[in-house]
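Got chain A; can you put chain B on it based on the hints?
Just so you know, the sequences run in chain order A and B.
So in the numbering used here, spot 24 of the first sequence is number 24, and the numbers just go up one at a time.
So in the numbering used here, spot 241 of the second sequence is number 241, and the numbers just go up one at a time.
These aren't lab readings, by the way, just hints derived from the structure by calculation.
Just so you know, these numbers come straight off a predicted model, no measurement behind them.
Worth double-checking, as some hints may not be accurate.
Covered by chain B, according to a simulated footprint, are these stretches of chain A (three or more residues, beta-carbon under 8 angstroms) [claimed, not checked]: (1) 53-60; (2) 70-82.
Short, incomplete list of chain B residues facing chain A, as computed with Cβ under 10 angstroms [claimed, not checked]: (3) A41; (4) P44; (5) G176; (6) T178; (7) R259; (8) P317.
C-beta atoms are modelled at their ideal positions from N, C-alpha and C, and glycine is treated no differently.
Take a look at the letters that make up each chain.
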Amino acid sequence: MTTRDQMLASIKANQPSLLPLPEQFTFVSMFPDLTKQFIDILTFVGGTAVIVPDYAAIESHLREQYPDLTNIATTCPELANLADVRLDVADPHDLAGLNVAIIEGPLAVSENAAIWVDERQLPQRVVPMITQYLVIIIRQSTIVPNMHDAYRQLQVDATGFGTFICGPSKTADIEQSLVIGAHGARSLIVYILP
Amino acid sequence: MNQLTLNHADAAIEFNKNEAKVDWHDETLWFVRTKRDRAVAQVPEWEQLREAASQIKNHVLSNMHDLLVQFEENAIGNGIKIHWAADAAEHNAIIHRLIQEAGATQLVKSKSMLTEECHLNDYLKEKGIEVIDSDLGERIVQMRGEPPSHIVLPAIHLTKAEVGETFHKHLGTDKGATDPQYLTEAARQHLRETFLTRKVALTGVNFAIAETGGFVVCTNEGNADMGVHLADVHIAAMGFEKVIPRAEHLGVFLRLLARSATGQPITTFSSHFHRPRSGQEMHIVIVDNGRSRQLGRPDFRNSLKCIRCAACLNTCPVYRRSGGFSYHSAIAGPIGSILAPNLDMKENADLPFASTLCGSCSNVCPVKIDIHEQLYKWRQVLMQEGYGPGSKTVAMKAMATVLESPRLYRMAGKVGRGVLRFAPVTVENRLNPWYNQREMPAPPTESFRDWYINHKKS
Numbered sequence: 001m002t003t004r005d006q007m008l009a010s011i012k013a014n015q016p017s018l019l020p021l022p023e024q025f026t027f028v029s030m031f032p033d034l035t036k037q038f039i040d041i042l043t044f045v046g047g048t049a050v051i052v053p054d055y056a057a058i059e060s061h062l063r064e065q066y067p068d069l070t071n072i073a074t075t076c077p078e079l080a081n082l083a084d085v086r087l088d089v090a091d092p093h094d095l096a097g098l099n100v101a102i103i104e105g106p107l108a109v110s111e112n113a114a115i116w117v118d119e120r121q122l123p124q125r126v127v128p129m130i131t132q133y134l135v136i137i138i139r140q141s142t143i144v145p146n147m148h149d150a151y152r153q154l155q156v157d158a159t160g161f162g163t164f165i166c167g168p169s170k171t172a173d174i175e176q177s178l179v180i181g182a183h184g185a186r187s188l189i190v191y192i193l194p
Numbered sequence: 001m002n003q004l005t006l007n008h009a010d011a012a013i014e015f016n017k018n019e020a021k022v023d024w025h026d027e028t029l030w031f032v033r034t035k036r037d038r039a040v041a042q043v044p045e046w047e048q049l050r051e052a053a054s055q056i057k058n059h060v061l062s063n064m065h066d067l068l069v070q071f072e073e074n075a076i077g078n079g080i081k082i083h084w085a086a087d088a089a090e091h092n093a094i095i096h097r098l099i100q101e102a103g104a105t106q107l108v109k110s111k112s113m114l115t116e117e118c119h120l121n122d123y124l125k126e127k128g129i130e131v132i133d134s135d136l137g138e139r140i141v142q143m144r145g146e147p148p149s150h151i152v153l154p155a156i157h158l159t160k161a162e163v164g165e166t167f168h169k170h171l172g173t174d175k176g177a178t179d180p181q182y183l184t185e186a187a188r189q190h191l192r193e194t195f196l197t198r199k200v201a202l203t204g205v206n207f208a209i210a211e212t213g214g215f216v217v218c219t220n221e222g223n224a225d226m227g228v229h230l231a232d233v234h235i236a237a238m239g240f241e242k243v244i245p246r247a248e249h250l251g252v253f254l255r256l257l258a259r260s261a262t263g264q265p266i267t268t269f270s271s272h273f274h275r276p277r278s279g280q281e282m283h284i285v286i287v288d289n290g291r292s293r294q295l296g297r298p299d300f301r302n303s304l305k306c307i308r309c310a311a312c313l314n315t316c317p318v319y320r321r322s323g324g325f326s327y328h329s330a331i332a333g334p335i336g337s338i339l340a341p342n343l344d345m346k347e348n349a350d351l352p353f354a355s356t357l358c359g360s361c362s363n364v365c366p367v368k369i370d371i372h373e374q375l376y377k378w379r380q381v382l383m384q385e386g387y388g389p390g391s392k393t394v395a396m397k398a399m400a401t402v403l404e405s406p407r408l409y410r411m412a413g414k415v416g417r418g419v420l421r422f423a424p425v426t427v428e429n430r431l432n433p434w435y436n437q438r439e440m441p442a443p444p445t446e447s448f449r450d451w452y453i454n455h456k457k458s
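For reference, chain B alone in the conformation it holds in the complex:
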């Protein structure tokens, strides 16, 4: 992935070179946002539901230790094996061991952003394990050697012509075929064979229920269920923040999740797993990977309330026009931009700046995370820690000096007006980022201060 080396702004410039595609990307995601709005309008108590979800999650954050202990105890009682992983490396090693213990060399996997965060696929590939992602969008990007560009719509950056080309190469579909129905059917046949032959299946976890020791996995395609119900071993990987107190709280979250994500009233399958089927093994890997650190940051812990609906991505004017890869992180968009700096502050210092702070993300968030406020707060932390973009640091310092001194300020104004009038080429060139796609303003003949002094006299 060459995009990985670019910061958000530079990657966004690359993405914007294909204007027609950017427009399509922008409009398509906005269309998903409008579907969300229509679904929300049908639920009169929507705002109360969001408040309830937010408070349940606030309680979860404050009672995390006890809920996890309760969940573990009940899950073990159900015959599920529990594993704890402090970081990505431990998560990957546990899953590799479980595959080995099953005597398998292949894994079928439904969508799990956690395994993307931990780079499980690359790790297992190195160990000689073949991984097949079974969500259609994930399978498409996997064939192309790309990560998902969106947490709910992994292949949203691709046109059907590009998908057709990929399938022609990997699945032998007709060259030039672009009909989504035909291409989906080809993937269905290919993956059906996979489901029928894999001994180990991995899923993510949408919600883990402390009270009953079970967990819920939501999909539209039925791929998670096809994988695990035909496998001898079901491994479910979850960040520890997925726990909720009781099954009745699912009423709140399942009413919010799909409506926020795609405008559907609920996902096609909302599967509740409590015990392995006879002869099957069921494992849950509970992962920290920086989450307990985030839990300890009062300004940022709310990000752990996220239920991964992607409403904040779909509504974000920056995400829609810069694409998922510009965020160079497993989770893109506004929520990814407040999660990623916790994982690696230096590597992801650009992400909290990839926002206009318009607040649309916070307004659509079904669990009321104050996303845009956290983006703003991360900027303060990053500048203080010395991870701010170099150009901004210098510019801000220069500006502070000028603004602190009335004499310097007046002089700077005079110089600026003179330059714009007599030597516009010094600012109207490609080196000035403000001049890109903008006309410079016509300079006023005098400053407000001069004008005021002159008028006061007369």
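So here's chain A without its partners, still in its complex pose:
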């Protein structure tokens, strides 16, 4: 017998008799203002939220934020003027020098400020982690109340990789002092379009 068969046989022999899945495992979250809740939580986790009317406002805000930076890339055609490097490289290591990545998030969650991105938004999976500064653009209409709503809308295996991103990377491994910017992005700006 292979290890697999031995393990499975032992599991089958030892597992208790079948118990049903719970009838209720999704819940409704009632927030008076989904966008406000999203912004409050994003601020709490060290991110910055900016409500903007259009892409032109994003462009001018970003020019103020990163006036002297090069190595900026985006997947948004509307912001192509800001970019001087590309994200759709053949080898992800070529992104090592990336300073700012501007990507779109198709779904955001109000309760925890998490934003879903998958390979339809990411030319390379490593983009949101390898960049020094991350910018995600979401639409107000795509903010759902909680994670149950998010999974109801998502097909997690639509692409080979997808992730919920909540704020900039962080650690508190040295004496529980919060440090923003561990291995992933050092900051996260989320622009909220109507």
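Chain B only, in chain A's frame:
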């Protein structure tokens, strides 16, 4: 690790010699617990979520065989290679083989308590493979040659001065530097180089989804993602109990996990892997290592529901004051104390006694494991199997004899009162553990029985 040879109580005495540090450790972990409480208070349906999580996991335990078969089939369909490991040795050998097949001599690894349980790092070191742990806390303890002392906060036993000293020695940071921002930046630079040059990356698995054949890895630092997205080979190691039926169940678990662990609404990255990226290999090693045995123990199988949030460690009055190393096991604290005796009953017989049975662990557990009841039950099993601490066995037997006989009981009471009154030094000395940090009570002049008989007469 010299702590390894000490039992929990003796190691706790060592830990308590530095009173200021123990106080800091205690207060810091309690602070994490209060952050958890604040996060929980923001979710009105928290108790229903816990119940749902508990029932999903109960179902998983009862349907483990079929879920694993389904998971394997779907993962293979996704282009992921599946390996099965009956024990730690097989797990380590598979990972070594995969590294060799990739033609690599180095491995970058994000947090995986399973690889700690299997002592993978030591094994690979012997085989000439260099392993670098990429979680900051794990990297710190790795540089110091220590295991993690906490499953979520691996370096919680260290002060920033100690981390500064370690980094000065290994990363060349300024001597005496203790600023966490500066030290974290140094680690960031050092590990970035590592991420960019490693061909094989290993991660743990938080949840494996049977329905879709994918898995989820949660980190705050982004280290798991940095490692695997830049490597040619991604190896994910999982205990078989990590499987859940469907992706929609993640809604329950991701709402519970980070809130229970650190009081965050969710981890910074909750990454869902379903297929290797083009040109990459993806492997999953599914490990038993005693889990199927635990599954067969009705009193203890619930321990396999654990999602490794560490809420039970943070709340535990014993863990907070004895430190992770006193548990001499990969997973410390209350949950570790009910998992470890399954791995080695004799070696870990002291751990179920490292508890006041106050029940706080069970109250905060997001999947409703009856931790303190299992601690109590393990004590019965260990005493029956003859693994109880020697002093307790003798004392309990003596006590049973005395309590069984009214005559002996009365005599013992008389002797005890006499000794306390006329020769207090026989109990008020360092050989009596009860006298450590305690005053002995003033002896009553008569027993209750004598008092009752006297008063009844009058």
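For the restraint on P317/B, tell me whether the closest CB of chain A is nearer than 10 angstroms. Status violated, d = 19 angstroms.
Establish whether the coverage given for the stretch 70-82 of chain A by chain B is satisfied; the threshold is a Cβ-Cβ distance below 8 angstroms, and no fewer than three residues must meet it. With 0 residues closer than 8 angstroms to chain B, the stretch 70-82 of chain A misses the three-residue bar; violated.
Interface restraint verdict for A41/B against chain A (beta-carbon cut-off 10 angstroms): Nearest chain A Cβ about 13 angstroms off; hint violated.
Against chain A, is G176/B within 10 angstroms by beta-carbon distance? 15 angstroms, violated
Would the hint on T178/B stand, with a C-beta cut-off of 10 angstroms toward chain A? This interface hint holds because 9 angstroms falls under the 10 angstroms limit.
With a cut-off of 10 angstroms on the beta carbons, see whether R259/B makes it to chain A. At about 9 angstroms, which falls below the 10 angstroms cut-off, the nearest Cβ of chain A leaves the hint on R259/B intact, so it holds.
Does the nearest C-beta of chain A fall within a distance shorter than 10 angstroms of the C-beta of P44/B? 8 angstroms, holds
With a Cβ-Cβ cutoff of 8 angstroms, does the stretch 53-60 of chain A contain at least three residues near chain B? violated (count 0)
In the structure shown, a violation is registered for the earlier hints numbered 1, 2, 3, 5 and 8, in ascending order.
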